[in-house]
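Just so you know, the protein sequences line up as chains A and B, in that order.
In case it helps, the numbering used here puts the first sequence at residues 1170 to 1392.
In case it helps, the numbering used here puts the second sequence at residues 701 to 902.
Source of the hints: derived by calculation from the structure; they are not laboratory data.
Incorrect hints may appear among the rest.
[To be verified] As a list, the in silico DSSO-like pairs of lysine-lysine whose alpha-carbon atoms are at most 27 Å apart:
1. K895/B - K1392/A
2. K1241/A - K733/B
3. K799/B - K1386/A
4. K788/B - K1386/A
5. K1392/A - K1220/A
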Amino acid sequence: MFFIIKIFVFFRRESKLFFTNITDLFSNIVFFFLSIFIFVFALGTDEQLLKTIGVGIIWSLLLLSSILSLRKFYEEDFNNGILVIIHMSGISYELLVFLKIISHFLFVQLPFLISLPIVSIFFNLPTNEVYNLIITFFIGSLILSCLGSISASMNLLNKTNFSLGGIVVLLFSIPLIIFSVGINNAESELIYLINLLIGIALIFLGIAPWSSAAFIKLAISNK
Amino acid sequence: MLLINDLSFYRNNNVIFDNVNISLANGQITQIKGKNGSGKTTLLKVILNIIEARSGEIFWEGKNIKKNIFNFYNQTTFISDQYTSSRKLTVYDNINFWKGLSYSQLNDNDILLLLGTFNLKKYQNTETMYLSAGEIKKLELLRLILEQKKLWILDEPYNHLDNLSIEILNQTFIDHVNNEGIILFTSHYNPPINKIDVIDFN
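Between the sequences and the hints, there should be enough to build the whole structure, so can you do that?
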């Protein structure tokens, strides 16, 4: 019972921090929209071309804009030492990372879902592809949150070179991109690809808490 | 009772401290003194198992803390020299968060009273980033009362405090020790408390 209260308190704090930092989210979404606009303007008005490359471009820009928000993942909590206080209250680092991933998924990634149908209009995507995009992003954003947790906790050890964290996310998101963009070319085997994506998400959800917790412990003892 | 046995810690093969033996009985208040950079903060962190020791053992009430770490944390309040309050949350939100983490039994009236004694009542709904250094330190020290734990470990608790707050803090220390609590803190200031054990750490 007390344990559930702790988790509830954790999420209440995360949601309060989310509403005070809501401008960060807006700037991320604006970045996403502007980069989509730039792509559309740069490619011209070829309707067929936009239709064929639309999903690929949307996914690559989603990845880039999700890297923007990574810095916030652990750094503030790590620098003021609240990670240690939360740990000392009886929550292991592994569970802490898991809760952080869930809250990042809820508060940072899911708002992007709303922008996806709007963005699809610019690429003239057919409705079924928009549905596919939304389903794949719903699962894929969980994978992105896990990758973000790993790279952000790695970056706690390395305060000068931020691009290294971005490289980790881009490297590990290659399977995500392959399967989520490929879903449009394989309509008869839709459910298999979705299952595969869920499988990847579960693998990363299994790996991320342990590896991030190890990095955080290392960073705390090297502080 | 906290027993520290032959504790040593090395960083990059440099000795930070070696063979430290401390025993803290119930109702005992202990101050660690030492030069800047002599490893006082590191010692506290090693005692709390936040940083892994190179060798040595720590026992809390007869049990090795490595095997019963959450049992040990459950009876410990640690106030670090950093500001653990979230800068963008209000004073009240921060207190509520700490209260939930430690499932404290205090109700809202007690908390208002506590804020009143430290002169923080008017900042209830102010974000912590607008408070001064001393006020944030006082907010941190509220965790001592809020969490109601037995062992208090504090890192430089007297920093930034004004004279009145120092008096209140000293009185709090005396009350806690009289209730069989244990206090371990580092400071360069000598508080006027009787029966204070001083460990010279050089």
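Legend entry - Distance restraint between K788/B and K1386/A, which requires alpha-carbon spacing of 27 Å or less: Distance of about 25 Å is within 27 Å: holds.
Inset, instruction - Would you check the hint for K1241/A and K733/B, treating anything up to 27 Å between C-alpha atoms as holding? - result: Violated: K1241/A and K733/B sit about 37 Å apart, past 27 Å.
Inset, instruction - Please work out if K799/B and K1386/A have their alpha carbons no farther apart than 27 Å. - result: Distance ~25 Å between K799/B and K1386/A Cα, so the pair holds.
Legend entry - 27 Å limit on alpha-carbon distance, applied to hinted pair K895/B and K1392/A: Judged against 27 Å, a Cα distance of about 34 Å means the pair is violated.
Inset, instruction - Would you check the hint for K1392/A and K1220/A, treating anything up to 27 Å between C-alpha atoms as holding? - result: Answer violated: K1392/A to K1220/A is near 50 Å, above 27 Å.
Of the numbered hints listed earlier, those contradicted by the structure are 1, 2 and 5.
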